[in-house]
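**Student:** So the chains spell out like this:
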Amino acid sequence: MKTISRREEQILIAIWNLKESAYLLAIKNHLAQIMETDWSVGAIHKPLMKLEKEGLVESYMGEATAKRGGRSKKIYRVSKLGIGALKTIKKEHDVLWAKFPVIKKA
Amino acid sequence: MKDKKETPPPLGEKILKIFLPKGESESVTGDYEELYAEIAQIRGKSRAIFWYWIQIMKSIWAGVTIHVWWSLIMLKSYVIIALRYLKRHKIYSVINISGLAIGIACCALILLWINDEIQYDRFHQQTDNLYRVLNDLNYGPYSQLTDGTAFPLGPAMKEEIPEVREIVRILPTRKILIAHGEKKYYEENFFFTDPSLFSIFTFPFIQGDPDTALSSPSSIVITQDMASKYFGNEDPIGKTIKTQNQNDYMVTGVMENIPKNSHLQFGFLGSIERAVTMGARTHWSGWLYDTYVLLQPNTSFKEVNTKLEAWIKAQGDEESRYYLQPLSDVHMYGLQGEGAIRPLSFFSILALLILIIACINYMNLATARAGTRAKEIGLRKVVGAKKNNIIRQFMSESIMFAFFALSISVLLVMLFLPVFSQISGKELSMNLVQNKFLFLGILGITLLTGVLAGSYPAFFLSSFQPDRILKGTLSAKKIGTSTTTIRKSLVVIQFILTIVLIISTTTVYRQMNFIKNRQLGFEKNHLIYTQLRSEGNLWDQYDAQKTWMNYKTLKNELSQNPNVLDVASATCIPFGSMGQEFGQLEWEGKDPEYQVTMNHMAVDPHFFKTFQMEMIEGRFLSDKFSSDTQNFILNEAAVIATGLESPVGKRFRLLDKTGIITGVIKDFHFAPLHDEIEPMVLHLMPYQYWMYRNYVFARISTENISRTIASIEKIWERAIPEYPFEFQFLDNTIDAEYRSEQRLEKILRIFTFLAISISCFGLFGLIAFTAEQRTKEIGIRKVLGASVGSVVRLLSKEFVMLVVLANIIAWPVAYFMMTKWLKNFAYRTKIDFAIFLFSGLAALIIAIITVCVQSIKAALANPVDSLRYE
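Just so you know, the sequences run in chain order V and G.
Start counting at 1 in the first sequence, then tack on 254, and there's your number in this note's numbering.
Start counting at 1 in the second sequence, then tack on 47, and there's your number in this note's numbering.
Hint data in this document are derived by calculation from the structure and do not stem from the laboratory.
Any given hint could be a false lead.
Only some residues are given here: those of chain G computed to face chain V with a beta carbon under 8 Å [to be verified]: (1) T54; (2) E73; (3) T76; (4) E80; (5) A84; (6) I103; (7) K105; (8) S106.
Just so it is clear, CB atoms sit at the ideal spot from N, CA and C, and this is done for glycine as well.
Produce the entire structure from the sequences given, and follow the hints as far as they go.
**Tutor:** Structure (structure tokens):
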């Protein structure tokens, strides 16, 4: 499996959470709400392109709105490969973080 | 909340699209627009715009760093490798860089020359709006393009065509005598003009006021040089000069010297009011005046041309068709392309050929040695270099070589600039800092050289397949030989160019020799001549009696001097302008319908002896027969033109003279060898001719020439004190007619030498490489008993064949070119097959010597050294 960075991981989860409405700005807003830091468009776009190139996400063109000057959205979706990657990461994290509260108590 | 939707600046969006990846631009610009609207809503439009531009800046910056930074890193690696390579293969580098340096230097020198020529007439502040009026003249049998225009044309143009802001007329004069006190000289730069000259052109004054300097007909404006020539250190203002010993002018202004790059070269400017006769003011068919016009800024001169043509037609003037020529074209194109452009374009092509020969060297050596770089390329490809990267690497390498060469060529240019200035007849200087054209031009040539030289090797080298190289299936030697066909053809091209140049140079040289040795029909050497008095202009009055007496006295005195062999006078000088007659020409039995133009020349009876002319039949005109003043001598061409079977004794009429033909003279050249000898009629100088122009010729003995001339001068001063003795040698005057051909010969000779040298450098490099590759083969051959001779033959055979092949192709090309060039001359040397053979052999011998030096070295090497490690 390809290794992915933490930001890629966050974006991947954000896409998963947003389901059908996962386009660039929605992802950006979603992450901004959770992390309390507002990333720039480029900071999301670049990892998105990499994820797409590596086949972890898929995309299709969504509807166009007047708000966007008549341009359609590019909507992302986590691919099978992406889901697999997320599962692996989750498992690794759980194992790695398992004893964390113990350390805190001590 | 407003309903109106905010949209980002459209320019910004366009820039953004450039930097976004292809498939993404639509959705991402949409995202940006959405975000922009949001920010505009919450924080205001100005903040949104600011934010938007910051985003763009960031993306540009990112783009720049990614592209420039990383390519710089790669470039650094390319440079290091190239430098190492340069150091390791010294012969190869020296051949390449020196060849390219010579090529670039040639181009740079020609560029300096071009630069000098295009600067002509650009120093005027209003250059872009200045035009010369040309006149396409159709007058009787004559049709001619001239810069002569009618006197009333200028003012009429100013009146009728609103685009014409100002006009100036200039009346050039023939050689004029100018005197101040004891100082007397003939001057050719005396012009009459309108006072508007100073407001149209930029000729700054040192003393005097340009507005009023020419307001009086007797005033004159002179240049600084003329001021010091005639007045020394005195203040010239208010002083008087006399022209033609009869007209007084008062100096009212002193101009700065006219820049060398002006096609108008004045020394003296008089008021045109003084020169124009009453009749000429309204005369539309006297085309003596040059007219220049200043148009309103930003007007198209083509429109003015149309208006001018329509207006002239409306006036019923059917002889002239006037049109404007931009001032900046005057020097470059002349009247119809005979200006500086022709030699310049020819020499530019020559310089480019030299550069191409040098570039071929680079290509050949780079591809021949490609094998030595194969592993490097293979490795680069393995670690991720694409074809493009390799191309870029070798391009940057060749461009780097070109810049090395540039630095050497700058030195070469500085070294050879004085020589080149002398050949081109220009005062050239290299000022790269101030001159953008030169700077960019030389930079451009260098880049072009780099790209041209690097292109083929770059594409060839980048096509290697890394697996085959690294596995060893594609050996260095195989790579070297895979391009031999192309390399051979390039060598052939080099030698074709070289041989064509050799043949051209030889032919031009032979033609120049032919001209030098051609029997002109008279003896041009040791013949000096001068004007008997200043040439008459229309408005000057001359006393025929006085001129005639002057000549008699002078001739008597000169005949006392034993070193002066003969003295004669005539109305024309050979190779100068002749009188031509078309209508007033008749002879016995002439068909009245038949028309012919003949040149005519009035001479005194001693002319034939002084010029040592040859008679075919009949006798020379003589002062022993009083009737001879009405008689004529024809040259052979004239006899053919008349169609007379036995011309001697036949009646002949020219203008108001009727007499008989006393003799036929052998054809002699009175014009450059470019022209066929035309019909010529000679007759004795009638008394009234002493009013027009006259020349005195004196044949002097070959010994003590300077003493003879000094004594002639003394005699002159006694006999004709009112005119200066400014003599010339006739042979010098005749030589000067071939100046452009002499220049061509010199430049061709230099370029041919360079072409030969560079081609041989290349050949030397190639053979050195081949020998190096075949070291072992040669070693084994020698061990098995091969002689030095057979090894040399083995190595040189193929190159010699190439030069032979080049000869075969070059001959027809050169033959075609040289026949065309020789057609400029009515009298020319034959194109001899021997020239071709000689030129081809010369190229071959030089090539063989080059090849042998290297192959003998290889053949003499001890086989023990080359086979030691096997």
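**Student:** Now tell me if each hint is right for this structure.
**Tutor:** Going through the hints against the structure:
{"no.": "1", "hint": "T54", "verdict": "6 Å, holds"}
{"no.": "2", "hint": "E73", "verdict": "5 Å, holds"}
{"no.": "3", "hint": "T76", "verdict": "6 Å, holds"}
{"no.": "4", "hint": "E80", "verdict": "5 Å, holds"}
{"no.": "5", "hint": "A84", "verdict": "6 Å, holds"}
{"no.": "6", "hint": "I103", "verdict": "11 Å, violated"}
{"no.": "7", "hint": "K105", "verdict": "7 Å, holds"}
{"no.": "8", "hint": "S106", "verdict": "7 Å, holds"}
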